[in-house]
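A.B. asks: Construct the entire structure; sequences and hints are all you get.
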Amino acid sequence: MKKKPVVICCSVLLALIVVLAIVFISLYFTVFRPRSPHVEATVVSTRITQVEITFPPKLNLSFSVDVTVRNPNYASFRYGDVMTQLTYYGNPVGQSVVLAGEVGARTTQTVEALVVVEADKVVYTLPFIPDVLAGALPFETRTTVAGKAVVLGTLKISATSVVTCRITTNPIKQESTSECTSTARVG
Numbered sequence: 001m002k003k004k005p006v007v008i009c010c011s012v013l014l015a016l017i018v019v020l021a022i023v024f025i026s027l028y029f030t031v032f033r034p035r036s037p038h039v040e041a042t043v044v045s046t047r048i049t050q051v052e053i054t055f056p057p058k059l060n061l062s063f064s065v066d067v068t069v070r071n072p073n074y075a076s077f078r079y080g081d082v083m084t085q086l087t088y089y090g091n092p093v094g095q096s097v098v099l100a101g102e103v104g105a106r107t108t109q110t111v112e113a114l115v116v117v118e119a120d121k122v123v124y125t126l127p128f129i130p131d132v133l134a135g136a137l138p139f140e141t142r143t144t145v146a147g148k149a150v151v152l153g154t155l156k157i158s159a160t161s162v163v164t165c166r167i168t169t170n171p172i173k174q175e176s177t178s179e180c181t182s183t184a185r186v187g
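In my numbering, the protein residues as written are 1 to 187.
Just so you know, the hints here were simulated from the structure itself, not pulled from any lab data. Beta carbons: idealized from backbone N, C-alpha and C, even for Gly. There may be inaccurate statements among the hints.
Simulated crosslink set (DSS-like; lysine-lysine; CA at most 25 angstroms straight-line) [claimed, not checked]:
| # | residue 1 | residue 2 |
| --- | --- | --- |
| 1 | Lys58 | Lys121 |
| 2 | Lys173 | Lys58 |
| 3 | Lys121 | Lys173 |
Label pairs and their in silico Cβ distance ranges [stated by the list, open to error]:
| # | residue 1 | residue 2 | range |
| --- | --- | --- | --- |
| 4 | Val116 | Arg185 | 27 to 37 angstroms |
| 5 | Pro130 | Met83 | 23 to 33 angstroms |
| 6 | Ser11 | Ser158 | 36 to 46 angstroms |
| 7 | Thr110 | Ile25 | 34 to 44 angstroms |
C.D. replies: Encoded structure:
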């Protein structure tokens, strides 16, 4: 007779554990499903203070890039240093590092990166003078944001986003246009 209450108690406990497991699994795959942060880079301004095609050629140019990180997760997203690299015909000509930080759960944060062009690496390339005369200096930026989101205090999900922007700068009119693409990887 005493075995029957023990069996009932164990059965109820087992059923409760199964129901809780189903609830946690369904919450994980719906509400707490890890998502990659959305990263956008926008060239906000171009500052050209000097362009001369005399000998030696001179250039003083900088880009202000806004990097916006939108975190769709229900957990905060901690990212490492944000590196923005600038290239001219594939050659590195500048970089900027924004220190590590954190984006709260379901919020958006914008950080500004100022990239100063290393002029000597640009003006002594063969295409520089023809590009200035044509009114189009083609640059490319590559911004990498890597970090982790911690869901429910135990599940760590790593994510990396890379934003590549093609920037065409007109040194005569002192304006620029940009076109950006973004790729993200979770895991």
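A.B. asks: Would you mind marking each hint as holding or not holding in the structure?
C.D. replies: Evaluation of the provided hints:
{"no.": "1", "hint": "Lys58 <-> Lys121", "result": "holds, 11 angstroms"}
{"no.": "2", "hint": "Lys173 <-> Lys58", "result": "holds, 17 angstroms"}
{"no.": "3", "hint": "Lys121 <-> Lys173", "result": "holds, 22 angstroms"}
{"no.": "4", "hint": "Val116 <-> Arg185: 27 to 37 angstroms", "result": "holds, 30 angstroms"}
{"no.": "5", "hint": "Pro130 <-> Met83: 23 to 33 angstroms", "result": "holds, 30 angstroms"}
{"no.": "6", "hint": "Ser11 <-> Ser158: 36 to 46 angstroms", "result": "holds, 41 angstroms"}
{"no.": "7", "hint": "Thr110 <-> Ile25: 34 to 44 angstroms", "result": "holds, 36 angstroms"}
Taken one by one, the earlier hints all hold for this structure without exception.
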